[in-house]
Amino acid sequence: MKRIALLGMPNTGKSTLFNRLSGSSARVGNWPGITVDLHAVKTLLGGHISELVDLPGIYDLQGLSEDEKIVQGFINHNKIDLAIVVLCSSQIERQLSLMLQLKNLHIPCLLALNMSDEAKKMGITINDRILERKLKIPVVKISAKYGEGMTELLKACAQVMNQKITFPIKKIKPLNVSDQISNGKKIQALIKSTVKFPLKLNDKNTKKLDSFFLNPYWGLPIFFIIVFSIFQFIFSLGKPIQDLMTQFFNFFRIDYLEPLFVNHHSIFQSLLLDGLYLGVTTVASFVPIIILFFLIMSVVEDSGYFSRAAFLMDTLMEKIGLDGRGFVMMLMGFGCNVPALMGTKIMRTKELRLLTMFVIPFSLCSARLQVFLFIISALFSAKYGALVLYGLYLLSFLTIFISALVFKNQFKNKEPIIIELPPYRFPTLNHVIKRSVLEIKYFLTRASKFIVIGVLLVWALTHFPTDVPIASELTYSGQLGKWLSPIFQPIGINEQLVIALIFGFIAKEIVIGALAVIYGMEGTALAHHLYSNINQIQAISFMIFTLIYTPCLSTIATLKNESKSLSLVIYSVSWALLLAWVFSFIFYQTSIYFSS
Amino acid sequence: MITLLKLSEGQCGVIHALKMDPSLIQRFNAMGLRCGKKITVLRKAQFKGPFHVMIDTTELMIREHEASLIQITPTAA
Ligand SMILES: Nc1nc2c(ncn2[C@@H]2O[C@H](COP(=O)(O)OP(=O)(O)O)[C@@H](O)[C@H]2O)c(=O)[nH]1
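So the protein sequences, as listed, match chains G and E.
Under my numbering, the first residue of the first sequence is numbered 1, with each subsequent residue one higher.
Under my numbering, the first residue of the second sequence is numbered 1, with each subsequent residue one higher.
Be careful, since some hints might not be right.
Dumping the calculated EDC-like pairs for lysine to aspartate or glutamate here, alpha-carbon to alpha-carbon at most 20 Å [to be verified]: (1) Lys414(G) x Glu64(E); (2) Lys121(G) x Asp56(E); (3) Lys186(G) x Asp56(E); (4) Lys192(G) x Asp56(E); (5) Lys48(E) x Asp179(G); (6) Lys19(E) x Glu301(G); (7) Lys44(E) x Glu318(G); (8) Lys204(G) x Asp56(E); (9) Lys207(G) x Asp21(E).
Since the hints were made in silico from the structure, they are not lab data.
Computed from a prediction, not measured in an experiment: that's the story for all the values here.
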């Protein structure tokens, strides 16, 4: 099998080309020397069954950024039969350097001048025949988005792959300054003889749109309106779908699963239904939100507005070590932490991305909101209830800012932060759908095992030993609660509530269900019981702790997948627990002091 | 000779030198920031925010720190 790699700078249309060439199924492979997953497909290309790999966009082969290291590792450890170098035609001048670097390694390549439609519109003409002769490499003009030039591209692929390899492929070595200069001169000469730029570039649309979206006065208000609408759209559409799914899962359980296992031993029944089935449905409940999220987000990303958002929010975000795109993801976290974490992928600076992932779990997501609404309506009047809820939202922002400030130096980025502002473009439906499908597959294959195991663990804690009532003080969870009580007493959280917190580890929505099991009552009865057994100070302290202590299992699983770093997860969870305790402690103790 | 910081909105200059170590120069070059190139400041965010600049067909957002590393000679638009 031949191996074909797509290489190019960021935003040149590599994934668009990848989607076009791959057609159907994508799979993730394993490559020696690489720690991340790359998109790859097996497909027939240029007359050979080939493995087509989409490498991350890079600026040069030598660089030290995460993506550059990935590509270096890939090139050094794998035999590449063909590298398709994709570049954006209108930016050929600065993008040719990557091509020359690859050619110097003797990797068989061909040059795809993508976005030729855009270049034509701008009035830029490239003489590809002369370029081909000078580079001694096939050059093809294509438009990945509109499918132009694909036959020529495939022909060129076949041509290169059928060539005899004359020179052995070299490993990547650092470029010295004189190489840099000579490459620079070579490019200047090439450009001069092959590319014609118009005297005045006509890209008026982008200019006009920018003077609207980046306006010093309404730029930010527009940004907030856009983000707010996106948020509303994703989560107000996602919520009813999620609720429907929950109803269906319940119905399926009661009508089909329970009768099916009715003759089995009760502990086995419980393991299947309260453990395994709960785990699987927890995973499934994220599917609609993740799909919706990426449908919308890829549109925003493809359109070019995301980098504008980065520009708009940069002044503020730089102070806390984040950037504007991170800010958008953080806001999305208020809907659901899981897709927000997955969405940080667009940030290609590792430290920036890690810090963003570190703070997102503090966003008060809709699942936490559900718990708070229940408790607030049980214990507070409408007027004070609203105040408490505002307070919790404020606290959520506060913990995000504090955490970012505290850890900003731990995650100090070593790369310069320069972000390209590409022209505004219409997204393609195909690309947007593919992206969502890919993300959901990724979530299902990577996170589900972790989530199901976590749910089973909590199930075991709350259901063993078997001869005592479920979730009672005599179970392991209750014993754990008792054992932890010296820690939880000073913040006003009793042992039963600790058991609820252990359940809340699975998913925050479960906390209310858990309280129902723990106290043996539901709905209004449970609300009344809470009202007469917990005072308001305790309730707020409990909510503060619930807000901060640890994101749900699915968030943790996603954090692990996306960061590929167990230490970040441990760091994050311990910091959250500490912060939760400190805030609850401060609140509880001062309130007790002043109210007595 | 001045740094890019000194340019205000709408002004342009020719890049004269990049004051940084070679590995960074390579990155800057790849983004279109190269000696001899004309650079235009399209807009500046308020409160010492980032710059929006244009070099040929490439538009970039650059923070103050990076802008301070770019030396230019001012030219007419
Ligand atoms: N006009 C035009 N736009 C394109 C073309 N190919 C890709 N794009 C757009 O360019 C943007 C970046 O493409 P993408 O494939 O995500 O680039 P990548 O970062 O290199 O993977 C998207 O908005 C695409 O729709 C093309 O041939 N012509």
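- Query: Do the alpha carbons of Lys19(E) and Glu301(G) lie within 20 Å of each other, as the hint requires?
  - Reply: 33 Å, violated
- Item | Restraint check for Lys186(G) with Asp56(E), where alpha carbons must lie at most 20 Å apart | At roughly 19 Å apart (the allowed maximum being 20 Å), Asp56(E) and Lys186(G) satisfy the hint.
- Item | Holds or violated: Lys414(G) to Glu64(E), with C-alpha atoms at most 20 Å apart | Distance of about 16 Å is within 20 Å: holds.
- Message: Next pair to validate is Lys204(G) with Asp56(E); report whether the Cα-Cα distance is within 20 Å.
- Response: The given pair, whose Cα atoms are some 14 Å apart, holds under the 20 Å limit.
- Are the Cα atoms of Lys44(E) and Glu318(G) separated by 20 Å or less? OK: Lys44(E) and Glu318(G) at ~15 Å, within 20 Å.
- 20 Å Cα cutoff - pair Lys121(G), Asp56(E): Distance of about 15 Å is within 20 Å: holds.
- Item | Lys192(G) paired with Asp56(E) [C-alpha distance capped at 20 Å] | 14 Å, holds
- Item | Restraint check for Lys207(G) with Asp21(E), where alpha carbons must lie at most 20 Å apart | Given pair Lys207(G), Asp21(E) is violated - Cα atoms ~33 Å apart, limit 20 Å.
- Holds or violated: are the alpha carbons of Lys48(E) and Asp179(G) at most 20 Å from each other? 37 Å, violated
Checked against the numbered hints listed earlier, the structure breaks hints 5, 6, 9; every other hint is satisfied.
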